[in-house]
Amino acid sequence: MTQTPQQVKNGDTVRIHYTGTLTDGTQFDSSDGRDPLEFTVGSGQVIPGLDAELPGMSAGDKKRIEIDCQQAYGPINPDARQAIPREGIPDDIPLEVGIQLQMQTPDGQVLPVTVVELDEATVTLDANHPLAGKDLIFDIELVSIA
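Under our numbering, the first residue of the sequence shown is numbered 287, with each subsequent residue one higher.
Misleading hints may appear alongside valid ones.
Derived CB-CB ranges, DEER-like [said to hold, decoys possible]: (1) L404 <-> P334: 31 to 39 Å; (2) D377 <-> D425: 40 to 48 Å; (3) D425 <-> E403: 32 to 40 Å; (4) E403 <-> G297: 26 to 34 Å; (5) R372 <-> E352: 39 to 47 Å; (6) P416 <-> T290: 20 to 28 Å; (7) D365 <-> E324: 17 to 25 Å.
Because the hints were derived from the structure by calculation, they are not lab data. Model, not experiment: these values are computed from the prediction. Using N, Cα and C, we set each Cβ at its ideal position, and we do this for glycine too.
Construct the entire structure; sequences and hints are all you get.
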């Protein structure tokens with residue numbers, strides 16, 4: 287009598303190895319050389335499109351998952367871009383397009399922003415996640431289920 291391998295269900299803690307790429311093949315993240323990523327399935331600890339694909343997998347299974355931006359980091363929100371007066375940025379902070387800064391929200395939360403435009407008078411900051419608006423591909427291997 288053979289035993290059916292345990293399959294992932296919501297609420298299970300899993301460990302996966304993964305490589306994340308954009309649709310053009312550019313790699314944006316990987317667990318290669320690190321410990322596997324551990325999280326609870328269905329708890330919102332990872333993007334929805336990844337969470338939804340794990341139930342039914344067994345330890346050792348490998349899968350390629352294509353995730354539309356709506357199920358990843360969402361579409362780009364134009365309201366998350368804001369031009370502020372250049373004098374509002376302290377002089378000791380170097381400003382160049384592409385640099386990441388941290389702002390504090392009125393309730394004290396740290397918000398990462400990216401400088402996307404600069405001119406003499408203003409600095410335009412973008413608080414969208416760097417992967418917002420992008421479809422993603424994950425190659426995953428389910429290492430273990432707890």
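Status of the hints after comparison with the structure:
In this structure the hint that L404 and P334 lie 31 to 39 Å apart at CB holds, the actual value being about 35 Å. As the Cβ distance of D377 to D425 is approximately 45 Å, the hint placing it in 40 to 48 Å holds. Restraint check, D425 to E403: a C-beta distance of roughly 35 Å satisfies the suggested window 32 to 40 Å. Between E403 and G297, the C-beta spacing of about 45 Å breaks the proposed range 26 to 34 Å.
Evaluation of the 39 to 47 Å hint for R372 and E352 yields a pass: the beta carbon distance comes to about 41 Å. Range check, P416 to T290: about 41 Å between beta-carbon atoms, so the 20 to 28 Å window is missed. Taken as a hint, the range 17 to 25 Å is violated for the pair D365 and E324, whose Cβ atoms sit roughly 34 Å apart.
When held up to the earlier numbered hints, the structure conflicts with 4, 6, 7 and fits the remainder.
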